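Asker: Single-letter residue listing:
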Amino acid sequence: MDPTAEQPETLPPAIASRLRRLDRAEAIFDPRSDRAVLEAARSYFAARPAAPARRSRWALPLGAAAAVLLAAVLVRPLVFHTPSADDVDGSGRVDVLDVLALARMRAAGGDASGITDTRIEELAYRIVALDSARRAP
Amino acid sequence: MGPADRRSDEELVAVCNVGDAHEAARAFESLYRRHRDFVLRVARRFTRDRELALDALQETFAYLLNKFPPAGSGLTLTARLPTLLYPAAKNAAITAARKARRAAGAGDAELDELPAEVPSDAEPIDAALTALSPERREVVTLRFVDDLSLAEIAVALDVPLGTVKSRLHLALKELREDSRIKDLFDP
Amino acid sequence: MSRARVLHAALALLCAAAVLSTPAQPEAGTFTTVDVFVVSDTPVAAWQVELTERRGAMQIVGIERGDDSTFRDPPFYDRVALERSTTDRIVLASFSLSDAAQLPRGKVRVARVHVRATGSAQPDYEARLVAVGTADGRPIDAQLSLETQPER
Chain R
1 MDPTAEQPET LPPAIASRLR RLDRAEAIFD PRSDRAVLEA ARSYFAARPA APARRSRWAL
61 PLGAAAAVLL AAVLVRPLVF HTPSADDVDG SGRVDVLDVL ALARMRAAGG DASGITDTRI
121 EELAYRIVAL DSARRAP
Chain D
1 MGPADRRSDE ELVAVCNVGD AHEAARAFES LYRRHRDFVL RVARRFTRDR ELALDALQET
61 FAYLLNKFPP AGSGLTLTAR LPTLLYPAAK NAAITAARKA RRAAGAGDAE LDELPAEVPS
121 DAEPIDAALT ALSPERREVV TLRFVDDLSL AEIAVALDVP LGTVKSRLHL ALKELREDSR
181 IKDLFDP
Chain U
1 MSRARVLHAA LALLCAAAVL STPAQPEAGT FTTVDVFVVS DTPVAAWQVE LTERRGAMQI
61 VGIERGDDST FRDPPFYDRV ALERSTTDRI VLASFSLSDA AQLPRGKVRV ARVHVRATGS
121 AQPDYEARLV AVGTADGRPI DAQLSLETQP ER
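Heads up: the sequence lines are chains R, D and U, in that order. Under the working numbering, think of the first position of the first sequence as 1, with each following residue one higher. Under the working numbering, think of the first position of the second sequence as 1, with each following residue one higher. Under the working numbering, think of the first position of the third sequence as 1, with each following residue one higher.
No lab work stands behind these hints: they were computed from the structure. Predicted model, so just to flag it, every value in this text is computed and none were measured. Errors might be hidden in some of the hints.
Derived Cβ-Cβ restraints for the label pairs, each shown as a range [stated by the list, open to error]:
#1 D/PRO87 <-> U/ARG105: 34 to 44 Å
#2 R/ASP23 <-> D/GLU177: 20 to 30 Å
#3 D/ASP158 <-> U/GLY62: 23 to 33 Å
#4 D/LYS99 <-> U/ALA100: 40 to 50 Å
#5 U/ASP99 <-> R/ASP23: 26 to 36 Å
#6 R/ASP131 <-> D/GLU23: 36 to 46 Å
#7 R/ARG21 <-> U/ASP99: 23 to 33 Å
#8 R/ALA14 <-> D/GLU23: 19 to 29 Å
Each residue gets a CB set at the ideal place from its N, CA and C atoms; glycine is no exception.
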């Protein structure tokens, strides 16, 4: 009979506790190493092709609806224009503080907030755009 | 830093395998933050030098990173991630320590053992633990500090399960019979 | 809300007044780094800076994030700017969701811009602090400084 099967695999709490304390005796906090690893990861994955946009089964009917809306906008632009959509914090300007506000809402509410990372990034890129056509209003 | 990522390691690995650049980087960061301290502790067991341990930390996660596309073919977790990270961290730390010793002009001494330091005024428990052989101390640490199962330890050390059981049994027997701490064991 | 808008408008004026220019330094055609610093007694959670070269003679060759680990990602910037052989300005922005206790304060390098000066005249950089705010999104008063040096 295998003697190892008879002996319990337990260690007295005092010994186990001491062993854990010894192992964790010195915490090492080194932001440089963290940055190096995470920067390497971002660079590594950046070489990966961007994910293709998923084509929704609703794309065609939505496209038709969009065409209708566009026509309506051209006829009555004031009805559909929402200039304050990007002014998340209601400050009267659109800048990085609106991006922060969106990101905070997402962090607090997760998916339930209805805010996606894409939306946050899009606004971030709009506030730094050099061309007026791409810039946030 | 936002809220902690609640996804499992398996989910995060899946995103690293097939996610887009941004999502994969985020998932990898979650894996890093979750397992960073474990890897660093393992590295510190094989080199007491802080900088060498940090080098081993970076090497270990570089090893993990290269498992994923584009360079790697993808990773399938057949065990918990610490089981995969342990040998990588151990080897990285030993390699770093060896290089440092060679650079310092030391001989090519065997470094595959945990550095043992037993000061004369050591706590009885510390002295008893340090007196264990490196292989037995390693199994005890993996079992009771890192909470790996015996099967996981076998994978991490790349030894048969029977070998793990035997080492653990002998380690506990040795501790139980150590006069300095035998009273801590139940009669 | 209107009170916040007044405050924000006042701050915008203050930021506009905080336009900073540096004396021209390295010769045209050379690579330089332009370090952007935000100086604030209050912890900074978000910042936005516009960097201009008054003669429109710079080529942006790279952008790095700053020193503080709470701003873990490189700043947002218009990638089109990097594709241009010359540009007169670039806008950088970044934010962090870290707790206020972890956020940087004091003089903090928030970005490093790698620039190749084009044209024959020496570059003349100017920076404007567009917005800066706290962890809860409040705009705050802050200063800006630039430090340039030749690339090694």
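Asker: Which numbered hints are broken by the structure, listed smallest first?
Answerer: 3, 6 and 8
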